[in-house]
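Use the sequences and the hints to build the structure in full.
Chains as they are written, first to last, in the numbering used here: chain A, 1 to 56; chain B, 1 to 316.
These aren't lab readings, by the way, just hints derived from the structure by calculation.
It should be emphasised that the depicted structure is a prediction, and the values quoted were computed from it without experimental measurement.
Positions of the beta carbon are idealized from the N, C-alpha and C atoms, including for glycine.
Each statement offered as a hint is correct.
One-sided excerpt, in silico: chain A residues whose CB lies under 8 Å from chain B:
no. : residue
1   : 39
2   : 44
3   : 50
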Amino acid sequence: MSSMDAAKSRISIRLNQQQLELIDRTLKGGLAESREELLHLALKEYAAKREGAARG
Amino acid sequence: MAEMDRKLVEERILQPGTGKALEVRKGQILRIEQASGNQCVDFNCFNLHDYKEFMHCGRTRTVHGFNPTEGDFLWSAPPRENAMLYILKDTVKRNDVLFPRCSAFLYESAYGFDVHTNCHDIQAEAQREYGLTPDDVHDSFNFFMCTEVAMDGRATITRQNTKAGDHVDLLAMMDVLAIPNVCGADVMRTSNFALKPVKISIFEATEEDLAAVPDVPRMKSQRVPSQFRNATIKATRELTADPGYVPEFANTPIVEEEIVIELDAAERALFEDHARRDLYGDDDGAAFRDIFFTWWEERFLNAHSGAPSTASGKAT
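This is the structure we're talking about:
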């Protein structure tokens with residue numbers, strides 16, 4: 001659901017073992033401490049890149 | 001000048017409507033040269049010691065785009081995926097890996113010729129010297145062929161503007177059987193409506209030539225026949241099921257698990273701004289997965305389409 005009612009909303013992401021392996025290997029690079037933290041980082045950087053591009 | 005120092009091994013003229021299978025050893029250079037200009041040259045290439053490894057236009061196209069040229073490699077098909085030849089020099093820089101070889105069917109269906117010079121049959125006839133069959137002819141790398149992709153997605157052939165002496169130098173990264181043929185399309189614009197001879201030379205590469213080749217990554221996934229579950233080449237035409245066959249697909253079964261993340265209001269707003277609702281509707285998880293892997297590709301993937309990066313950084 002895309003409700004924004006709650007202060008915090010939860011999203012369940014289904015990932016297979018290969019996708020999780022890629023995430024875990026990415027974590028070894030030191031970008032984040034956990035899978036969840038990496039997902040948060042990805043959202044922020046993804047959005048920042050596009051918003052930066054939109055601003056020119 | 002490195003080119004002046006090269007030792008000439010062999011030189012010949014390919015007449016219109018013909019091709020020639022040539023053994024080119026690792027470290028030798030095959031030069032395909034316009035004798036008078038404006039002639040397309042179709043090309044097949046096999047590992048000289050294992051004909052089941054052959055040049056793959058699809059792989060080459062993925063790594064280097066629709067018009068591979070100087071600084072690019074000609075790759076073999078999966079699961080080998082080896083650099084077979086390196087384009088050391090290309091004076092024209094217009095080659096094609098979009099179009100298939102022309103064939104007898106084309107000339108009969110479009111022009112009414114049931115016998116006509118065509119790249120498939122020329123290629124097959126040249127390769128026959130080495131025991132290969134017409135079915136072994138593979139997708140053609142088309143040197144000097146000018147093609148374009150139109151806005152409607154269709155590929156089209158345009159005329160070329162090459163002169164006598166224009167050439168491509170291909171440095172062999174392994175021992176290969178290289179088979180150039182003089183494209184037989186005289187009623188098409190491929191070679192400007194005329195068939196002309198082509199000059200072929202083989203040289204020993206100089207140290208300077210060899211030093212110009214970028215490093216090529218070596219991957220565990222580049223397999224050799226000894227790693228195949230069925231390494232024996234099938235010798236019958238009929239296809240029959242192996243009663244002892246047990247499938248061994250890698251990493252199966254594919255099993256998913258759920259990761260739950262919590263977004264604060266600001267993050268939620270970011271997510272809503274960028275979620276691809278057009279593709280995923282109300283499926284937040286699928287939309288977030290798309291964001292994550294798109295981010296990953298942008299941050300970590302060095303080359304498009306999973307192509308191996310080369311030291312030159314030229315892979316596109």
